[in-house]
Amino acid sequence: MIELIDISHGYRTKDGFHTVLDHVNMRFELGHSTAILGLNGAGKSTLIRIIGGAESPRSGQVIRSSSVSWPVGFGGCFNGSLTGRENLRFVCRIYGANIKRVNAYVEDFSELGEYMDMPFKTYSAGMRSKLAFGLSLAIGFDFYLVDEAFSVGDVVFRQKAALQLQKLKEQSSLIFVSHSINSVKAHCDRGAVLNNGILQSFDNLNEAINLYTRICNDRSRKAA
Amino acid sequence: MSALQMQHMLQGLVVQRRVIKALILREVHTIYGDTKLGYLWVLIQSAFGIGVFWVMRELLHAQNPHGMPVAVFLILGFGVWYVISGCINKCMNAVRSNLPLLTFPQVTELDVMLGRVIVICVTQLVVTVLLLGIAAALDIEISVYSPRLLFICFTLIPVFGLGCGTLLSALAVFIPSLERIVPLMMRLLFFASGVFFSATSFTKDIADILSYNPILQLVELTRCAFSFSYPRDGLSLIYISAVSLSVLTLGLLLERYVRTRRQR
Numbered sequence: 001m002i003e004l005i006d007i008s009h010g011y012r013t014k015d016g017f018h019t020v021l022d023h024v025n026m027r028f029e030l031g032h033s034t035a036i037l038g039l040n041g042a043g044k045s046t047l048i049r050i051i052g053g054a055e056s057p058r059s060g061q062v063i064r065s066s067s068v069s070w071p072v073g074f075g076g077c078f079n080g081s082l083t084g085r086e087n088l089r090f091v092c093r094i095y096g097a098n099i100k101r102v103n104a105y106v107e108d109f110s111e112l113g114e115y116m117d118m119p120f121k122t123y124s125a126g127m128r129s130k131l132a133f134g135l136s137l138a139i140g141f142d143f144y145l146v147d148e149a150f151s152v153g154d155v156v157f158r159q160k161a162a163l164q165l166q167k168l169k170e171q172s173s174l175i176f177v178s179h180s181i182n183s184v185k186a187h188c189d190r191g192a193v194l195n196n197g198i199l200q201s202f203d204n205l206n207e208a209i210n211l212y213t214r215i216c217n218d219r220s221r222k223a224a
Numbered sequence: 001m002s003a004l005q006m007q008h009m010l011q012g013l014v015v016q017r018r019v020i021k022a023l024i025l026r027e028v029h030t031i032y033g034d035t036k037l038g039y040l041w042v043l044i045q046s047a048f049g050i051g052v053f054w055v056m057r058e059l060l061h062a063q064n065p066h067g068m069p070v071a072v073f074l075i076l077g078f079g080v081w082y083v084i085s086g087c088i089n090k091c092m093n094a095v096r097s098n099l100p101l102l103t104f105p106q107v108t109e110l111d112v113m114l115g116r117v118i119v120i121c122v123t124q125l126v127v128t129v130l131l132l133g134i135a136a137a138l139d140i141e142i143s144v145y146s147p148r149l150l151f152i153c154f155t156l157i158p159v160f161g162l163g164c165g166t167l168l169s170a171l172a173v174f175i176p177s178l179e180r181i182v183p184l185m186m187r188l189l190f191f192a193s194g195v196f197f198s199a200t201s202f203t204k205d206i207a208d209i210l211s212y213n214p215i216l217q218l219v220e221l222t223r224c225a226f227s228f229s230y231p232r233d234g235l236s237l238i239y240i241s242a243v244s245l246s247v248l249t250l251g252l253l254l255e256r257y258v259r260t261r262r263q264r
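For the record, the sequence lines run as chains A and B.
At position 64 of the first sequence (counting the first as 1) the number is 64 in my numbering, and the numbers step up by one without a gap.
At position 215 of the second sequence (counting the first as 1) the number is 215 in my numbering, and the numbers step up by one without a gap.
Just so you know, the hints here were simulated from the structure itself, not pulled from any lab data.
Hints may contain errors.
Unchecked claim - According to the in silico footprint, chain A covers these stretches of chain B (three or more CB under 8 Å from chain A): (1) 15 to 29; (2) 100 to 108.
What the hints assert, rightly or not - Calculated lysine-lysine pairs in the DSSO-like style (CA-CA distance at most 30 Å, straight line): (3) K169/A / K100/A; (4) K222/A / K14/A; (5) K121/A / K21/B; (6) K100/A / K14/A; (7) K167/A / K185/A; (8) K204/B / K100/A.
Don't be surprised by glycine CBs; every beta carbon is placed ideally from N, CA and C.
Next comes chain A alone, as it looks inside the complex (with noise of 0.2 Å):
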């Protein structure tokens, strides 16, 4: 389990002080997936970062009873110089995996072949999220973050994720942020929306969708 107490975070700008969350509560079972919707730049990432302890907040606290999985995208968390064998070493040592399975479990998965030896920094954005996914199933976690990871891979690779995305949710939760209510609908149960600072949840996934549409069409309208 994962519980935010009051997690509250922001940016000191030039124009002052910047909510990015603001006294935000949540509490993420085991056996649930929830999606977390919003629109571009309103904290989604900040959020899944303080839940996966990549950043801590200015106030509040989380707690995490389970293993949690590092923010998994097609964004960066690997060094772009080294290669993509080096990095996922670097990533096994940290987590005190086991080098050879890991590796020959990616190498699998990932189909990078030859590529896996060249610096991060020439994938492409799909090459990125299938390395980062594939590396993050070989090391095996309760809940995994997924930041936007398969809108970016070609039609066989997501279909991989998603079969992959299926199987998994037979042992851990997911945790799940996407603009796509589609692959939304496929994987989660439960949603939150977040907007302006504030996160509300939702047991049932519909009503989120439902609130964040509403939040979309207001925009659109008074952009027009």
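Given chain A, work out where chain B should sit, using these hints.
Chain B in isolation, oriented as in the chain A frame:
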């Protein structure tokens, strides 16, 4: 402390050890891994710096500083200088150049800086020993006069380096222009730290002012450890210990304070 807390702390230490080890391996790999000569470059760089000033001293017909061979004098001066300037430089860039790795919850800003400081200290130690070895092979007389003083200097140099590094990188979060000012200051400090001259070669007034510089203190004290006759005027172990420990304490505290305030 309860048994559970104790267990948590031990677990944390195990993870941190793993992380720092992984960071060190990564660091070594990225700095020296992609050139054919690899580590040899560090040796070449140091030897080059020393060589230039050696020639300069010879051309100026400068005397052997207090009976210490010029080579030893310069090797020690540059060794200490490279460690401290390297620590400051590398710590200030540590967060920016490791941003992706900080996505992993086990990896903290302090781990990255610690990893870098360890790499710098060990490489410079190896380089200094090698250069002294080469000097000895060329029949230059080298003897350690005070192993105790040498040991104290060896401990204080990384402490002061890490302290300055953490402190300046934390201050740079509030004052971003520090990232430009510090390299300029380091250029000036290079000339005021006794790297290629001895503080006692100046008049007493100037030497007194210079001796407030902790880097100069560390450079000169290290030289004292290698020579019986090297003067210890104005050098104080108490002063440099106090400065080093205060800087480190302040640096670690401030690093912890800015951690949630760094914008990524």
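(message) Of the numbered hints stated earlier in the document, which are not met by this structure?
(response) Violated hints: 6 and 8; rest satisfied.
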